[in-house]
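Line by line, the protein sequences are chains F and C. For the first sequence, the positions run 1 to 554 when our numbering is used. For the second sequence, the positions run 1 to 146 when our numbering is used.
Simulated from the structure, these hints should not be mistaken for lab results. The beta-carbon is built from N, C-alpha and C at its ideal position, and this holds for glycine as well. It is possible that part of the hints are untrue.
[To be verified] Estimated spans, in silico, between C-beta atoms of each pair:
| no. | chain 1 | residue 1 | chain 2 | residue 2 | range |
| --- | --- | --- | --- | --- | --- |
| 1 | F | 195 | C | 145 | 29 to 35 Å |
| 2 | F | 272 | C | 39 | 26 to 32 Å |
| 3 | F | 272 | C | 8 | 33 to 39 Å |
| 4 | F | 10 | C | 134 | 24 to 30 Å |
| 5 | C | 16 | F | 6 | 42 to 48 Å |
[Unchecked claim] Not the full set, but computed from the structure, chain F residues with beta-carbon under 10 Å of chain C:
| no. | residue |
| --- | --- |
| 6 | 28 |
| 7 | 30 |
| 8 | 36 |
| 9 | 159 |
| 10 | 162 |
| 11 | 163 |
Now for the letters of each chain:
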Amino acid sequence: MYRYNQTDQRLVDERVIQFRDQMTRFLDGRLGEDEFRPLRLQNGLYIQRHAPMLRVAIPYGTLSSPQLRALADIARRYDRGYGHFTTRSNLQYNWIRLEDTPEILAELARVQMHAIQTSGNCIRNITTDAFAGVAADEILDPRPYCEIVRQWSIQAPEFLFLPRKFKIAISGGEEDRAAVRFHDIGARAKVAEDGRIGFEIFVGGGLGRTPMVGQLLRDFLPREDLLTYFEAILRVYNRYGRRDNKYKARIKILVKDLGLAGFLKEVEDEWAWTRGGPATLSGDRFQEMEAFFSPPGGALPACAEGTFRKALEDSRPFSRWVARNVVAHRQPGRTIVTLSLKKTGMPPGDATADQMEGVAALAERYSSGEIRVSHEQNLVLPQVCEEDLPALWEAARALGLATPNIGLLSDLVCCPGGDFCSLANARSIPVAEAIQRRFEDLDYQFDLGPLELNMSGCVNACGHHHIGHIGILGVDKNNEEWYQVTIGGREGNRAALGKVIGPSFAAGQIPEVIGRLLEVYVASRREEEIFIDTVERIGLAPFKARVYGEAAWA
Amino acid sequence: MGMIICRGQLVEDLWQWPPAEPPSAADPLAGGRVLLTLSQWLQHRDRARGAGCGVWLAPEEDPAMLLPDLPELSLIAIHFPVFTDGRGYSQARLLRERHGYGGELRAVGDVLQDQLPLMLRCGFDAFCLRTDQSLAEALRRIAGEP
Chain F
1 MYRYNQTDQR LVDERVIQFR DQMTRFLDGR LGEDEFRPLR LQNGLYIQRH
51 APMLRVAIPY GTLSSPQLRA LADIARRYDR GYGHFTTRSN LQYNWIRLED
101 TPEILAELAR VQMHAIQTSG NCIRNITTDA FAGVAADEIL DPRPYCEIVR
151 QWSIQAPEFL FLPRKFKIAI SGGEEDRAAV RFHDIGARAK VAEDGRIGFE
201 IFVGGGLGRT PMVGQLLRDF LPREDLLTYF EAILRVYNRY GRRDNKYKAR
251 IKILVKDLGL AGFLKEVEDE WAWTRGGPAT LSGDRFQEME AFFSPPGGAL
301 PACAEGTFRK ALEDSRPFSR WVARNVVAHR QPGRTIVTLS LKKTGMPPGD
351 ATADQMEGVA ALAERYSSGE IRVSHEQNLV LPQVCEEDLP ALWEAARALG
401 LATPNIGLLS DLVCCPGGDF CSLANARSIP VAEAIQRRFE DLDYQFDLGP
451 LELNMSGCVN ACGHHHIGHI GILGVDKNNE EWYQVTIGGR EGNRAALGKV
501 IGPSFAAGQI PEVIGRLLEV YVASRREEEI FIDTVERIGL APFKARVYGE
551 AAWA
Chain C
1 MGMIICRGQL VEDLWQWPPA EPPSAADPLA GGRVLLTLSQ WLQHRDRARG
51 AGCGVWLAPE EDPAMLLPDL PELSLIAIHF PVFTDGRGYS QARLLRERHG
101 YGGELRAVGD VLQDQLPLML RCGFDAFCLR TDQSLAEALR RIAGEP
């Protein structure tokens with residue numbers, strides 16, 4: 001993992017002092033609400049429905065055990081004993097007190113964490129694949145690049161008042177697990193024919209009010225040019241992005257208005273000035289950064305032989321959990337374990353302080369003290385020996401984190417919704433729970449196979465509903481909560497946006513709607529065909545007919 | 001005369017702001033420390049060059065328009081209509097780092113103490129703050145107090 005140097009530490013320490021002063025001036029009336037707003041947002045602080053919300057950055061989703069313990073401790077002392085992991089791998093506290101925020105930021109700084117640029121019209125937390133550095137299909141480990149971009153983005157004074165927020169994702173695997181085509185900039189690792197390392201660059205993707213799949217801006221960008229090129233894109237956006245209408249201010253609108261070719265020309269003209277200049281990255285810089293992320297000696301210690309195979313045969317619950325929650329690590333004998341934050345009855349993505357501490361201890365014992373946050377809102381232990389799986393499973397069960405549902409229907413992604421968020425049009429957590437209860441039967445979920453369900457409480461799309469195989473969007477009609485359903489969205493290499501199936505539904509109807517969609521799938525699927533592939537093959541019509549057709553709605 | 005902060009010091013602003021009426025051929029420009037809008041500058045360029053004039057840039061204006069005249073200019077004022085409009089930061093960096101402008105680069109308009117450290121790092125060296133801002137506190141921000 002990356003460890004702060006003096007410069008990094010000074011930056012977060014000074015930020016705490018600065019924000020404490022700004023908060024004091026706000027509370028005693030010397031700093032107006034309008035002037036304070038961007039300052040607090042740049043430090044992760046929102047004013048929400050019930051209380052302020054603080055969003056803590058978890059850079060590229062990577063946490064150490066001491067950091068997760070500190071998050072648990074903050075949850076217990078300053079909040080109500082829990083936190084919410086978000087789809088951009090951050091952590092939100094929903095019940096803090098405004099005046100406590102500087103002290104919470106000071107606590108974070110003590111464990112090399114911060115809440116800088118988790119909100120506001122600036123470059124947000126950099127995200128990546130939760131399996132970065134350990135995935136078997138990896139072209140390169142994206143974390144060193146994420147860290148380089150993180151440091152640049154929080155030290156770039158030019159880009160703190162952009163037209164709108166700006167999100168960057170970097171992915172290193174053959175399969176894109178970072179949704180790079182749904183970010184303002186998405187970079188996907190690529191090795192050129194001559195062996196040079198670099199990235200494919202996508203631009204203008206995003207969800208929200210105007211969902212768009214990012215377009216390929218550059219087929220190959222040598223890694224040395226990562227920052228000069230990003231800076232060129234940001235500068236073009238900062239100068240020419242729309243500022244007259246916040247709904248048309250994201251970079252995707254600028255790309256649309258200029259056309260991809262026109263936008264590319266602006267970027268390349270700008271880049272021509274800085275290409276090869278002082279901000280070009282050197283081989284030393286990559287080596288220095290890579291050293292933080294590779295295990296001592298280049299490989300993890302070999303794992304002991306044990307009783308894992310036998311345990312698989314002996315226990316069906318265990319083998320089920322392994323089938324869903326454990327995937328191959330690049331090093332034989334090691335595995336990647338996902339701890340589910342999607343137990344029925346718990347809001348998706350929420351973890352209690354006790355659970356966080358429990359996971360911190362498990363990571364120390366079984367996973368080199370490292371934890372990842374996935375954009376599907378689960379926690380990942382990235383380096384577990386196969387032989388430790390039975391013991392880890394027992395411990396995770398005791399913490400309520402061993403639901404064997406990763407990638408299945410009940411592993412649904414969901415924003416905090418109208419229960420917490422002041423932007424929401426509708427609640428999402430109770431609807432999520434109703435779906436989980438209706439489809440609680442694990443045999444049925446296993447039979448359905450991989451299925452991604454995403455729900456957002458408003459068009460801002462924090463629940464990424466557009467890219468769910470099934471997407472649910474809360475809408476407001478005459479002050480009532482209604483839910484619009486889409487199908488056919490997907491992330492990954494075959495990224496697509498879901499299509500709306502028809503008029504929206506009341507909350508109580510949603511489980512039945514899902515049930516009907518699944519009936520059509522089960523009746524139409526070919527062998528081994530997953531839900532989304534069936535939707536792509538047969539189209540929307542059979543699903544619409546079943547949902548809106550003959551059977552009357554109660 | 002208003003007070004501004006220039007290179008860390010509180011000083012009187014000796015410049016005349018852009019005239020409401022476009023300057024005519026008869027207006028004296030020489031020696032008057034007159035600040036012209038970009039379009040006024042371009043229109044009266046022959047007379048204004050060498051006369052000690054400065055230029056006032058709006059956020060949408062391209063600083064590259066001043067490229068041939070940069071050595072003649074002793075002041076460029078970049079206007080922030082609202083402090084959340086960040087275009088001026090890019091204009092400043094372009095002038096300083098790309099075009100090598102060495103004269104006074106002043107932030108004017110909705111300039112608030114909390115943005116001064118960012119402005120300094122983008123190349124501004126003078127600040128005409130919004131009138132409600134405490135100049136004493138602004139000086140402390142500029143001195144690098146967090």
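Quick rundown of the hints versus the structure:
1. Here the CB-CB span from residue 195 of chain F to residue 145 of chain C is close to 50 Å, at odds with the stated 29 to 35 Å.
2. Our hint of 26 to 32 Å for residue 272 of chain F and residue 39 of chain C holds, since their Cβ atoms are close to 28 Å apart.
3. Look at residue 272 of chain F against residue 8 of chain C: about 35 Å separates their beta carbons, and that is inside 33 to 39 Å.
4. At roughly 26 Å, the beta carbons of residue 10 of chain F and residue 134 of chain C sit within the given window of 24 to 30 Å.
5. In this structure the hint that residue 16 of chain C and residue 6 of chain F lie 42 to 48 Å apart at CB holds, the actual value being about 47 Å.
6. With its C-beta approaching chain C no nearer than about 13 Å, residue 28 of chain F sits outside the 10 Å limit, and its interface hint is violated.
7. Satisfaction of the interface hint for residue 30 of chain F is found here, the shortest Cβ-Cβ separation to chain C being roughly 8 Å, below the 10 Å cut-off.
8. Hint on residue 36 of chain F holds. Least Cβ distance to chain C is approximately 9 Å, under the 10 Å limit.
9. For residue 159 of chain F, the interface hint holds, since its Cβ comes within 10 Å of a Cβ in chain C; the closest pair sits about 7 Å apart.
10. Among the interface hints, the one on residue 162 of chain F holds; its C-beta lies about 6 Å from the nearest C-beta in chain C, closer than the 10 Å criterion.
11. For the restraint placing residue 163 of chain F at the interface with chain C, the shortest Cβ-Cβ distance is roughly 8 Å, inside the 10 Å limit, so the hint holds.
In summary, the structure is inconsistent with hints 1, 6 from the numbered list given earlier, while agreeing with the others.
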